[in-house]
Every structure is written in C-alpha cells, then in structure tokens.
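Build the complex: two chains, separate frames, hints provided.
From first to last, the protein sequence lines stand for chains A and B. Residue numbers for the first sequence, in the numbering used here: 37 to 526. Residue numbers for the second sequence, in the numbering used here: 1098 to 1590.
Simulated from the structure, these hints should not be mistaken for lab results. All C-beta atoms, glycine included, are put in the ideal place defined by N, C-alpha and C. Treat the hints with caution; some may be incorrect.
What the hints assert, rightly or not - Covered by chain B, per the in silico footprint, the following chain A stretches (three or more residues, Cβ under 8 Å):
| hint | stretch |
| --- | --- |
| 1 | 64-72 |
| 2 | 175-181 |
| 3 | 321-334 |
| 4 | 408-415 |
As the list claims (entries may be wrong) - Every beta carbon over 12 Å from chain B, so not counted as near; a handful from chain A, in silico:
| hint | residue |
| --- | --- |
| 5 | A77 |
| 6 | F81 |
| 7 | G192 |
| 8 | M212 |
| 9 | L215 |
| 10 | L246 |
| 11 | A248 |
| 12 | S310 |
| 13 | T396 |
| 14 | I497 |
| 15 | T500 |
Chain by chain, the residues run as shown.
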Amino acid sequence: MIAAQTAIVAALLVPLAGALAISLLGRWPNLREAATLTTAALLFFCVVSLLGPVSAGARPELTLFEMLPGLPIAFRVEPLGMLFALVASGLWIVNSLYSIGYMRGNNEQKQTRFYVCFAGALAAAMGIAFAGNLLTLFLFYEALTLITYPLVTHKGHEEAKRGGRTYLALLIGTSMLFLLPAIAFTWHVAGTLDFAAGGILAGKLSGTALAALLALYMFGIGKAALMPMHRWLPAAMVAPTPVSALLHAVAVVKAGVFCVLKVVVYVFGAETLSSGAAAWLPWVAGFTIIAASTVALYADNLKRRLAYSTVSQLSYVVLGAALLAPYSLVAAAFHIAAHALGKITLFFAAGAIYTAAHKTKVSELDGIGRLMPWTMGAFVVGALSMIGLPPAAGFVSKWYLLSGAMSAGHWAVVAVLTMSTLLNAGYFAPIVYRAFFRAPAAGQGHDAHHAHGEAPLPMVIALTLTAAGTVLLFFFPDVPLELGRAMLKG
Amino acid sequence: MISAHLPALQVALPLIAAPLMVLVRRGGIAYGMMLAVAWISLLISLLLAQQVADHGPISYHLGSWAPPWGIEYRVDALSAFVLVLVSLAAAAVVPYSRRSVEAEVSREQHYLFYAMFALCLTGLLGITITGDAFNIFVFLEVSSLSTYVLIALGRDRRALTAAYQYLIMGTIGATFIVIGVGLLYLMTGSLNLVDIAQRLPDVAERRPVLAALAFLTVGISLKLALFPLHLWLPNAYTYAPSSISAFLAATATKVSVYVLIRFYYSVFGETLVFKELPVPLVLLALSLAAMFIASFAALYQENLKRLFAYSSVAQIGYITLGLSLDSVGGLSAAIVHLFNHALAKGALFMLLGGIMLRTGGVSLHCVCGLARRMPLTTFGIVIAGLSLIGVPGTAGFVSKWALITAALEAGLWWLVLLIVASSLLAVAYVWRFVEAAYLRAPAPEATEKIEAPWSMLVPAWVLVALSVYLGFDTRFTLGGATRAAQMLFGAGG
Chain A
37 MIAAQTAIVA ALLVPLAGAL AISLLGRWPN LREAATLTTA ALLFFCVVSL
87 LGPVSAGARP ELTLFEMLPG LPIAFRVEPL GMLFALVASG LWIVNSLYSI
137 GYMRGNNEQK QTRFYVCFAG ALAAAMGIAF AGNLLTLFLF YEALTLITYP
187 LVTHKGHEEA KRGGRTYLAL LIGTSMLFLL PAIAFTWHVA GTLDFAAGGI
237 LAGKLSGTAL AALLALYMFG IGKAALMPMH RWLPAAMVAP TPVSALLHAV
287 AVVKAGVFCV LKVVVYVFGA ETLSSGAAAW LPWVAGFTII AASTVALYAD
337 NLKRRLAYST VSQLSYVVLG AALLAPYSLV AAAFHIAAHA LGKITLFFAA
387 GAIYTAAHKT KVSELDGIGR LMPWTMGAFV VGALSMIGLP PAAGFVSKWY
437 LLSGAMSAGH WAVVAVLTMS TLLNAGYFAP IVYRAFFRAP AAGQGHDAHH
487 AHGEAPLPMV IALTLTAAGT VLLFFFPDVP LELGRAMLKG
Chain B
1098 MISAHLPALQ VALPLIAAPL MVLVRRGGIA YGMMLAVAWI SLLISLLLAQ
1148 QVADHGPISY HLGSWAPPWG IEYRVDALSA FVLVLVSLAA AAVVPYSRRS
1198 VEAEVSREQH YLFYAMFALC LTGLLGITIT GDAFNIFVFL EVSSLSTYVL
1248 IALGRDRRAL TAAYQYLIMG TIGATFIVIG VGLLYLMTGS LNLVDIAQRL
1298 PDVAERRPVL AALAFLTVGI SLKLALFPLH LWLPNAYTYA PSSISAFLAA
1348 TATKVSVYVL IRFYYSVFGE TLVFKELPVP LVLLALSLAA MFIASFAALY
1398 QENLKRLFAY SSVAQIGYIT LGLSLDSVGG LSAAIVHLFN HALAKGALFM
1448 LLGGIMLRTG GVSLHCVCGL ARRMPLTTFG IVIAGLSLIG VPGTAGFVSK
1498 WALITAALEA GLWWLVLLIV ASSLLAVAYV WRFVEAAYLR APAPEATEKI
1548 EAPWSMLVPA WVLVALSVYL GFDTRFTLGG ATRAAQMLFG AGG
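Isolated chain B (complex conformation) (with noise of 0.2 Å):
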C-alpha cells in the first residue's frame, strides 16, 4: 500500500526531484517538475492529516529501522498541521512563480532557481515530519542553505548582502542548534525525539540539560526571528526574488516556530520550561517588544516589502506571545496564528510581487494612485492587511480573539490591552498603503491599467480567499490548533 510510505514521500518527493531538474537544466521542464511536486505534497500532507485525524499518530520506521536506532518520521495533529501550512504555500507559490521568475531571475539560472526551491521545500517539510533530533539539524541545514541561494538570486544586487547577513546569522543558530542536540545526545544517548524525552527525567546531572534548553532556544529563536534576533528578516523578504519573499513569509519562520514548540512540549517537557525556569517571563517581554517596536519599524518603512517584513515580525511576536502563556487556549492561539498569518503574509507578498513586475519597485511612491491601474491586486493587499490587523471576517480575528480569550482565562487583562492597542499599529501602517494606492494620485502619464498577469493573481486570490473563507470557517485550523495543543499537554503534562 502507497498510503503506509506516505510520509517517505513527503520528503523524498522533492528532494529527489532536486538533482533531477539540475540534469535536466531546463527552466521550462524544472518549473513543471516543481509544480507536480508542489501539488503532489499538498495531496500528501491532506492525506496524512486526514490519517491522523482518523487513526492517530502516524510513526514510520525510515528504512524499517526501528526507533531509536533508525530514523522515525513522526505525523502527530501538530506536525500535520504545519505540513500542510508548507505544502499548501508551495503550491500556491509555485504556479505564481513562473511570471515573477522569468523578470526577476535570469534565464540560465532558472533550473537552478526551481532546484533550490525544491530543497527548501523538502527542507521545510523534513523539519516538520521527522521524529529524530539530528535529522531536524540536517534538513535545517539542507533548508537554510537552498534558502540563502534563493535570496541570492535576487536582482537587487542588495540581495547578496541580505543572502550574506542571513548567512551568517542563520549558521550561527544552525550551530546553537547543533550543540543543544549534541548535549542532548550526551545526555541521554539518544536522538530520537520521543525516546530523549523518556530518558531526560532519569538524567542525574541537570545542568548541560539546562544548556541544552538554552542553546536550542537561542538556536531557533535566530531562525524564527524571535525580537531582537530578527535582524535578517527585513533585508532577506526585501531584496529576494517576490516568490522566495512569499514562500518564506509564509514558512520559514512559521516551521522554525514548530521546532521551538516541539522540544518545549514533547522533549524538554512543559514542567521543566514553562514551570521550573523563567521562560514564559522572557518570550513575554520579547513578544511584546516585537509586537511594538517591530509595529513601529513598520510605521516608517517606505519600501512595503520591508514594511510588511518588520510587520512579520510583530505577528510572530503574537504567536510566540500565545505560547509564552503555557495553557491549552495560549498554544492553540500560537498554532492557529502561524497558520493564518502564514497566509495573509504569503498572499501579501506575493501580490507585492506583481506591483514589482509592473512597476519595477515596491515603494510607497510607486504605489501612488495604484487602485485604478490594477485595482485586484491592490483590493487583495487590501483584504489581506485587514486579515494581519485582525478585522472580524477575517482568519486574523480567529488568532486575534483566540490569543485574548487565552489571555483572559490567564486573568491578564493588561495583556489584553496590549495585544490589541498593537493591533490598532497594524491598522495604521496597513492603512499607509491604502491611503497611497486610493488617495494619492498616479504620475500623470501613468494612467493605463497594468493588472498583474493571471498566473500570479489567481495564487494569490487563492491566499487571500482562504484568509477570508478560514475566518468564518475555523474547523480545520483553530479545531486543528486545539487539538494540536491538548495532546502536546497530554503528552507533557
């Protein structure tokens, strides 16, 4: 049966369709490939998040080595959540890339560009399927890696200093995250994920426990872009190629978030972080720096494409905010933000992407009068800024009244002021581009209509459909994220 070696396929879909466009070295026939591969993932990661939701965890034996000498995949209701976040956002990007690779990638590059996309892509999913603590290393490297080249093929030629910054900032986490695993293998003479978590209470010496903790929380908090560990975001979603912005808006720092809850809750243990050391006291104070000082970055940012980079900023600070309040309704909050910001930020830039293919910039004043020369691009920027302001109607109002309610039931209601005064942030920079693309005139010779081409629109109408759609609709993804969050307690506490 196929169905029992879905989760093999997951990974090795695309990372052997990698290798594989590189000896083809076509644009064309790379770019097909990748999108069989992007849509086929996405059937996988429904296909494995419909298993789970029928028959429970799903633990595959790579190689039938049992754990925890081989390696296990491990489908739980958390990881089949955020798999289906990725797939989902590659096959959205993929379809929309073609248009937006061909002005912004040149020619001969691009079979390379599809076969980096390709490893991010089987990066991204490996990190979240995989049950072994090393194997979450590997793919995060194989993930950054592809991920530094793509920024890199940006045309600003700025897009190099952000592939270096990013580079560099990034191998420092990967290198965190590698000692944390290393003391964690020293300790308990295990890698995998479920097996360290049973042997950790019987570890006599606590202290390189504790290192480990804080090596991997430093570690992935570089990668989730955790305030004030956010430096490399901005430049990175700015200067690389519209679809790479997109696609690691919408995953990058989302996966490296589940990594974060992942040793939290299934490893390390909800008691030992949450109640024995003062961790929900620091992701607090960092949440709320993010969603302030990050709002305001984003106040005076002129190019929207780092406006809305230091925007991502601020909302990972929702989620990691839900997290630092270590209760069932806090994690679900946490969970079901990742997923509804992932894609208003994914249909955001992508739509910053066609104002870049017609306009040649994304600045403010390149955006001036825009709502008449192309009025569906503008109107989806538009729906999709009130999803991350949270406007009921909208997936945002879901994270939005699910992080307040979770607040609430912790009896802080200062907090719940918190969080929405920052959100009121949100209304005032989204509302700098609403004022600029209606209110303000267009350059007097520009007065054609330049609507974006179909093959980007349409991707990202899909974002922004789904955005509105999963605010009225929450089954799959608060109901996903509640059921996600109450077996990480089941299981830690």
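In isolation and in its complexed conformation, chain A is listed as follows (with noise of 0.2 Å):
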C-alpha cells in the first residue's frame, strides 16, 4: 500500500503523465492507446488505495501551498469525493477501452488530442473529487469545463462550434456568474472555505441571505443541469459518443452534483439548511425531473433522449441533497455511482449502434436487438435502472430516496418521483419494444445489403461489463451505501 498524501498527488499527477505520454506517442497508436490504459489502470489503482484507509475513518490531507492569502491549495479525501473518484477512475478504465473501439471504428480525426483532453479531464475530475476547499474546487471545476471544450468540438463542424458555445456559454457564465460570487460571499461571511462536517456556515447566515446563497451555488454549479441551466449537457451531445458517455454521463455531471451535495453537507451543512432556506430546492429539482423527463418522450434522436434523461436523473442527486434528511442524502450519494453505471451502459449502446448501424435515431431501430443482442441486452439493464427496477442499481437509490422523502413527510417528492418511474418507463420502453418486437424496416437499402452485427469488440466488451456493473450494484450496494453513510458523519 502506498501512503495515502503519496495516492493523492498520484491521482493528479498520473492522468496529467499520462497525457504527456499519449500526446508524444501520437504518431504510434497502439502505443498511445496502451499508454491511455495503462494511465486508467495507475489511477484506478492510486485512487483504490485510498478506499481502504477513508473507510477506516482516516480523511487523509495534503496543503501544496497558499494560493491567495489564508486561502492554500488543499486535498482532503473524505467519504463524498472518495464515491465520486471510484466511479470516475473505474469508468474510464471501461471507457478507455470502448473508445479504442469507437475512435477506429468511426475514423475520428485528431485522436490524440481526444486522448490528451481526455486524460486530462480526468486529472481535473480527481481534483473536484479530493478537493479540501471550495478555492481547489473552483479551480479543478473550472479546469474540467475548459479541458473538455475540445472534446465537445471535436469534429470542429459548424454544429460542434455551436455545442461548443452553448457549453462554454452556460459553464462558464453560471460558474462565473453564481458560482464565483458565492464562494467569494462565503469568504466574506465564514472566514474560511474548507469542507468541514456541519457546514461551515451555521450561525453565519440566515433566513433570505441563507436562501439567496443557497441559489447562487445551486444555479452556479451549472454541471449539475438544473432547470434552466441545463441546455448545455444536450448541447455536448454532439462529441463522440465515448465523450458522451464518460464526461457527461459520469465525470463532468456528476461532478456538479458531487458538488451540489459536498456544498449542501460541507459548507451550508444539513442542520443550517433545515431552517427552511432549502424549501424551494425540492420543487425546482421536481421540476426539473418532470419537465426533462417530458423533454425525453419527444426526442428522437436516441442521444438527445439521453441527455435529457440524465438531466431529469441528475436531479434526483439536487432532490435527495435537498429534502436534507439521512436517507435521501445517502440515496444521493449512491445514485451519483448508481446512474453513472446506467447511464454509461446507455451511451455505450447509443455509440454501438451509431458505430456497426450509422444510426442515430429512436425511430430507426426497429430490429435491431436481433442484430446487436448483446448491445440491446445492456440496454436493457441500463434502462431498467433509470426506471429503478430491480435487479438493477437505480432501484437501490430510488428505495432510498423514497425512504428519504416519507421520513420527511414530503408527499409531493413521492408523487414526482412515481411519476418520474412512470415517465421513463415511458420513454426507455418503446425502444426496447422497436429493438426486439419489431421487425427491420424493410426499404432501408443500406441495410438490405449491409446485414451489420455487433459493434467492434472492445465496444461490446465495454458495454457488457458496465451493464454486469449495474447489477452488481443492486446486489452489492455495500461500498458506495458505507461511503454515503460516512458523509454524514463527516
């Protein structure tokens, strides 16, 4: 085992390492994909070695040095963002190897510059993750939307430009805009910007202060895709998908709303929030569940549906923070690992099938579970878990948040969130009916003479093994559920 402040530097310097190496092994493929897996494995296994020490109770810390006055760069690993970096780590080892399979499958252009911006997504992911205050964490959150930039514009046409802006647009403009002032209002009022059990706020601030600060860092946190920021995560649909499926269905997102939590419980802190400024919080995330999820039943394009999807899941991370009770913040922080599987798995079939069928559409899969059964069959299991059926994990959280909410006695959170089951059955449904029940169009002359099969290898590889993760998760909930436990004790 190493030393745990050893791990942590580790967890930020190896991706940024290993972007080194991929961009000078450019001209050598094989070489820069072995060295991109080669880095997802290091990192896994830095970010592994922490679990054993952060479960024992330990919150190993590490102070680089004073960036502005009083104000240090500083890592502190605790429960919250020990979750959040075992899912992000684990993933991209998956995803490594499924955009191996994507990238050549599809001929992208400029693949080393993927790699690199991928690496160092992930650099800035781990620093949101073990981040010792709201300074290291503006600093990395920052990072992570401009390292991805290049990756939302990948193919650099004139709809990758307008995504890009959009992103760019709403990322920055929230977190300058909401975000940044409220960390500065924080200074100002606490005195002090660690992560601390309890919040650091209580006592400082109260009644409409509390709430309009409480605001500024849930509309400043703009990763989290609440209702009305979240136009930015269907316009960063338009990367490849394996950038879809690991920055903006598992780093980027959840990032947000691993922020939205270690805000609610670090820095305002459960207690301080009861006093009634975080009413409103529930019915905006509500709304967002509802209204994205409605969004989704019209979409046809299969990654649009998605999208919106995971802006309706996300906010059952904002609901569970919000509703402030032991449950529901538990059943927050398992479905950041819960929906990260799921939706991975999802995103790996969109890009599956885009790869072996050119399809991007709802409406052209009729069959194609016939053809891509392995594909569909993940499909399926991601499906079942944005709904929340067993056996996969999006039950798990969804019981939890329920729990949470009834223990609360907030009636109107259990009503959205049955409607929102009934929503995405709604929507997740009707593919798996097209993909299975239904025959191949016929007339498709591409496809006529063009019988494909299964995607390229280390894809279906890819997806099997997250969607085997989804279950696994239902069965196994230990590690995450323990982790969101420990949250509350700080």
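The following block contains the structure:
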C-alpha cells in the first residue's frame, strides 16, 4: 500500500503524466492507446489504495501551498469524494477500452488530442473529488469545463461550434456569474472555505440571505444541470459518444451533483439549511425531473433522449440533497454511482449502434435487438436502472430516496418520483420494444445488403462490463452506501 | 558602494544608452546595447525591490542636493513594484523586438528605433522613481515624445495618423498635468511630492488646490486611457510596430495609473480626494462604463490588435474600479491588476506580432485554422486570454478575486455581479479568437507550419508562463500590492 498523501498526489499527476505520454506517442496509435489504458489502470489503483484508509475513518489531507492569502490549494479525501473518484476512475478504464473501438471504428480525426484531453479531464475530476476547500474545487471545476471544450467541439463542424458555444456559455457563465460570487461571499461571511462536517455557515447567515446564497450555489454549479441551466448538456451531445458516455454521463455531470452535495453537506450543513432556506429546492429539482423527462419522451435522437434523461436523473441527486433527510442524502450519494453505471451503459449502446449501424434515431431502431443482442441486452439493463426497477442499481437509490421523502413527510416528492418512474418507462420501453419486437424496416437499402452485426469487440466488452456492474451494484450496494453514511458523519 | 546609487542608475542607464545608439548608427549594436540595458534595468529594479522590502523606502538625493531643493528619487513599496513591472516588460520585449523590427521597420531606422525605445524606457522608469512633481512631468514628456515616434514607425500608413492622434491627446494631457503641478507649486512653493503633501494642509485658499487636483486628474486620465478619454489607445496599439504595441500595452497606461495613485494618496491625501470630493463616485461610474462599453466594442472588432486594445480599456476599468473603492483591499486589487494585466496583455500583443510576421495581418480571417500552423502562438494567446477572463489558475483570477472581496468588504454586492458579468464579456471576445483559430478551416493552400521564430516565441511564452505561475504564487504580486496599499493608507490616513 502506498501512503495516502502520495496517492492523492499520484491521482492528480498520473493522468497528467498520461496526457503527456499520449501526446508524445501520438504517432504510434497502438502505443498511444496502451498509454491511455495503463494510465487509467494506474489511476484506479491510486484511488483504490485510498479506499481502505478512508473507509476505516481516516481523512488523508494534503496542503500544497497558499494561493491567495489564507486560502491554500488543499486536498482532503472524505467519503463522498472517495465515491466520486472511484466511479470516475473506474469507469475511465472501461471507457478507454470503448473509445479505442469507437474512435477506430469511426475513423475519427485528431485522436491524439482526444485522448490527451480525456486524460486531462480525469485529472480535473480527481482534483474536484479530493478538493479540501472551495477554492481548490473551483479551480478544478473551471479546468474541467475548459479541458472538455475541445472534446465537445471535436468534430469541428458548424454544429459542433454551436454546441461548444452553448456548452461554454452556460458552464463558464453560471460558474463565473453565480458560483464565484457565492464562494467569495462565503469567504467574506465565514472567513474560511474549508469543507467541514456540519458546514461552515452555521450561525453566520440566516433567512433570505441564506436562501439566496444557496440559490447562487445551486444555479452556479451549472454542471448539475438544474433547470434552466441544463441546455449545455444536450448541446454537448455533438461530441463523439465516448465523451458523452464518460464525461457527460459520469465525470462532468457527476462533478456537478457532487459539488451540490458537497456544498449542502460541508458548506451549509444539513442542520443550518433545515431552517427552511432550502424549502424551494425540492420544487426546482422536482420540476427539472418531470420537465426533462417529458422532453426526453419526445426526443427522437437517441443521444438527445439520453441527455434529457441525464438532466432528469441528476436532479434525483439534487432532490436527495434538498430533502436534507439522512436517507435521502445517502440516496443522493449512492445515485452518483448508480446513475453513472446505468447511463454509461446506455451511451455505450448508443455509440455501438452508431458505429455498427450508423443510426442515431429512435425511430430507426426497429429490430436492431436481433442484430445486436449484446448491445441491446445491455441497453435493457441500463434502462431498468433508469426506471428504477430491480435487479438494477437505480432501484436502490430510488428506494432510499423514497424512504427519505417519506421520513421528511414530503408527499409531493413521492408523487414526483412515482411520476418520473412512469415517464422513464415511457421513453425507454418503446426503444426496447422496437429493438426486440418489431421487424427491421423494409426498404432501407443500406441495411438490406449490409447486414451488420455487433460493434467492434472492445465496445461490446465495455458495455457488457458496465451492464454487469449495474446489476452487481444492485446486489452488492455496500461500498457506496457505506461511503454515503460515512459522509453524514463527516 | 554601487548599491547606494541604484536609483540613479535605474534611470541613467537607458538615458545614456539612447544618444550612444544614435552616435554608433548601427542597428545591430543598438539592439545589443538595448538588450543589455533592459536586462540590467530588470536586475536593478529587483535589487531595489529587495532593498525596499528589507529596509523600507529609499530616498536618493540626485547630485547630493537635499530635497526639497534638489531632486529626490524615492523608491517605496509602490514604486519598486511598478519599476519591476516596467523593466520586466522591457526585458521581455527587447529580445522579441529583433525579428519583429527587422520585418516591420526599415533597416536604416533600426538604430533610431532602439534609441527611442531606450528613451521611452527612461521616461517610464523616471516617472515611477522620481519624488519630484516637475520631474514627473519631464519624464512623462520624455516617454510620450519617444512613444509618438515609435508608433509612427509602424509599417501601416495609418500609424502616422494614430501617432498624430496620440500626440494631440497626449499633449493635452501633459498640458493639464503641468498646469496642475504649476498650481501646486504656486500654492505650496514646493515641487517635492513629500514636501507638497506636508504643506498642503496649511494652505488657506482651497480653490486652486482643487483646481490642481482636477487638472491632474483629467490630464493623467487621458494618459491612462480612462473611459471616455481612451480614444487614442485603440489606434495607437493597432498600428504601432508589434513590439511597441506589446511594450505600451504592458507599461504606458500602467505607469499613468501609478502617477494617479501617487498624486491621490501621497500628495493630496486620501481624505481630501475620496472623502470630501465625489471622486470615487466619478471613478466608479467611468470604470463601469469602461468595463462594459469597451468590452462590447471589443466584441465587434475584426482586427485582433484592436480587439485586445479595447479589452485594455476595459481592463483599465477594473484597475480604476479598485481605486474607487477607497480601501486597502480595493487599492491592492488595483495595484495587483496593474501587474497581472500587464503580463497578459504584453504576452498577447507579442504573440499577435508573431502572427503579423507570418501571415501579414492580424484580422480574424487571417487566423482561421491557425492552430494547426502556429500551435504554440495560438495556445499562448488562449492562455493569456484566460488570464484576461480571470479563470482560476491564472494571474487574472487573483486580481478578480481581490477586486470581488474588496467590493464585498465595502458591502457592494451588486458591484460583484457587475464585475463577474463583465468578465463574461471577456469570455466572449477571447472565444472569437479561439473559434477562428481552432474551429474554422484554414485556406486550402495554407497548410504548412509557419510557427513564429523562437526569438519571438520564447519571450512571449515567458510572460504567458508568468501569468500562470503568478496565478498560484501570489506572494510577490498580491503580497507586494497589499504592502503598497497599506503603506499608502498609512501615509495618507
């Protein structure tokens, strides 16, 4: 076992070193991809090595240097960050495997830049996960936005440029306009930006000011895609699918809801907020859940449907945080992992369909389950998790969320969750139905003499792995649940 | 001991070098001399800053004539800070100039270019170091006159009108300043800044003192391009030779800000300027106008030099905004931004000069797809642009943070929102470059790499790297600015 502090530094430096290695090996694609996989494995090893001590109650800390007077760049590994880091770094390995199949299968341009930015994004995600204070968090939060911009605009055409603009305008816009003033105001009021159990604002603010500050944070963390700050997420779907899968279903969006949870638990403190300052938040989150699901219902583009599904599911986490009940906070933490596994599976499937069959629309998927049984089988597992049915991980988070809502006596939330379940079923079931129970549409000349099978093997392996993970997490939810409970203790 | 005479050397070195360059009349030798002068100046300024940090302010009596009769050179926390900035900019720009000037200035004028450059440096260093009001005016004219010549040396014929425009505006500014200084002399009988400050409270007749303040404020504001007195700046930055654009953007307006701070805090006193007169209100309004109107103007520019020139006007708005807050926090935000913005803008104009050299222009359509052809140049511009925006991890963020916390201290939460909103405009104009360079296709025949020469890239990247480094290590910048602000408030209050 390596020392905890070394592991923190390594978790930040390994992806950066990986990015350097990848850019140097750009001329030899096989070596370059080997570098990506090695880096991902090394990073996961570093993160896992921290799990033991953190589960045992240790909170490894590392203070680098003072950036602003009284405000150092500092890291502190606590259970929630541990969970986020585990999810992001673990899925990076699978996603790298998938990327190799996808990027080669589609003959994408500028693959070296793609892998370099990917590694950089992971470094930023690790910084967010382990940040010990809001300043460090903000630094890596902005870095993650900027480093993923080239990935969003990867294709370079007009649509990519427009998507990139929306992406940047909303993410940089919200973080500069709301999050930065919120952090500065917190610093002004509390005199510290360190994350601490029970919050740092206890007794410092109350009433309207507290609610306003919470609003600045919640809308300032645009990555959490709370409506009306969600538009960047569908816009980002113009990126190649591996980007949508790992970054816009796992690293970036989970960084957003992770920040939301972290701010609620460690900056405000559930107790401080229970005075009523957060009473508006469940309504906004509930609205986002229903509205985004409704949009998803009508989206014909598969990735767009998945994106709106993500917007909706992210608000489960925000909702869990907003309810402030112990059960719901654990549910929120757990859902970070559960949704990550389920949604990455769905995106993997969408990318596999695009690679093998060149199809992007739901209405074109008739009978595809027979041609791509593994892909669509995994898709079913992912869809079950989104709907929240056993045996998929999404059920566990929904169960806890419902328990939290009931213990808080929030019946409107119970209604929202029920309705969301129906809506989720409403937009995933038709896809499954088309794929397995309808005959392939006749007259599609392309497919008639081009009967395709599964996507390239690495992609199929990757999506099978994440689908299996989604099921496993249902049967063995202990690690994330334990981390969630430990988060409550601080 | 030579270290005792460092203040004199700081100014004398470039001053002596200039006529020598004219005597030898050789561009190559003049360049070598200028390089030595710039680097030694940087060394001297760093030594002076060290001395001030260790032993407090230095008072140097020129020719051993004691003030208030003789001219005093005075180096304190503020002037040492600005001296480092000016000589650092020169030390980076001079090595850069060689290739840039070869391309943009005709050969027989090279020695004149460097001579004027040396004079300009003399003037800027002199303004900063001197403790004598009339001496400030003299050095201001030295730097201004040489700047007019330098701008006029630009290859574009519009450089002449730009220089002429600046000449007219600059002369009006200088006239106002000399009237202000004259009124002060009339009322106090002294030209030494410290001496004037001591005598002012005893002056019975207030009106001429207020007139002096008004003349100085307007005159200096013209030189520092405070909105709406900025009209000379975009043309001057656009048509000057590239290395001069970079040097001016990094230093000229910043030194003028220094003069304004010096007169406000060390001569008139904080109480008179900020408490008894509506100066903070006027500054606040003009700063906000600069931050928004100039940023919007930048959004509509096709020429990148002009775009970033308007951005300079907006960024000067941040500096004067910090000044208008009239607190240690606000003043140190102003001073630190003076430094951080100078680095980013200097780097930007240097890199734009590289594009000018290779593609013959700096309009947005010239940079289409340039990321593939000049990867280091374009990436450098992106990073310097991030510093303009104030992204965390760059020096610009440090300034923005200081400004926001100062505004919060003053209880002006709406001002915080305006500050961050205007930084979003910076995102918009920086991203116009990013989209053109990275996402638009280059002309089909233009595919070969045309990266700028190393002699231009390395100095620019030193400033880019400093912009990032100083985003993390703020001991010198924010620390130095805070010490300077505390000193000014200690002396003034």
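Please list, smallest to largest, the hint numbers that this structure does not respect. Hint check: 1, 3, 4, 7, 8, 9 and 11 fail, others pass.
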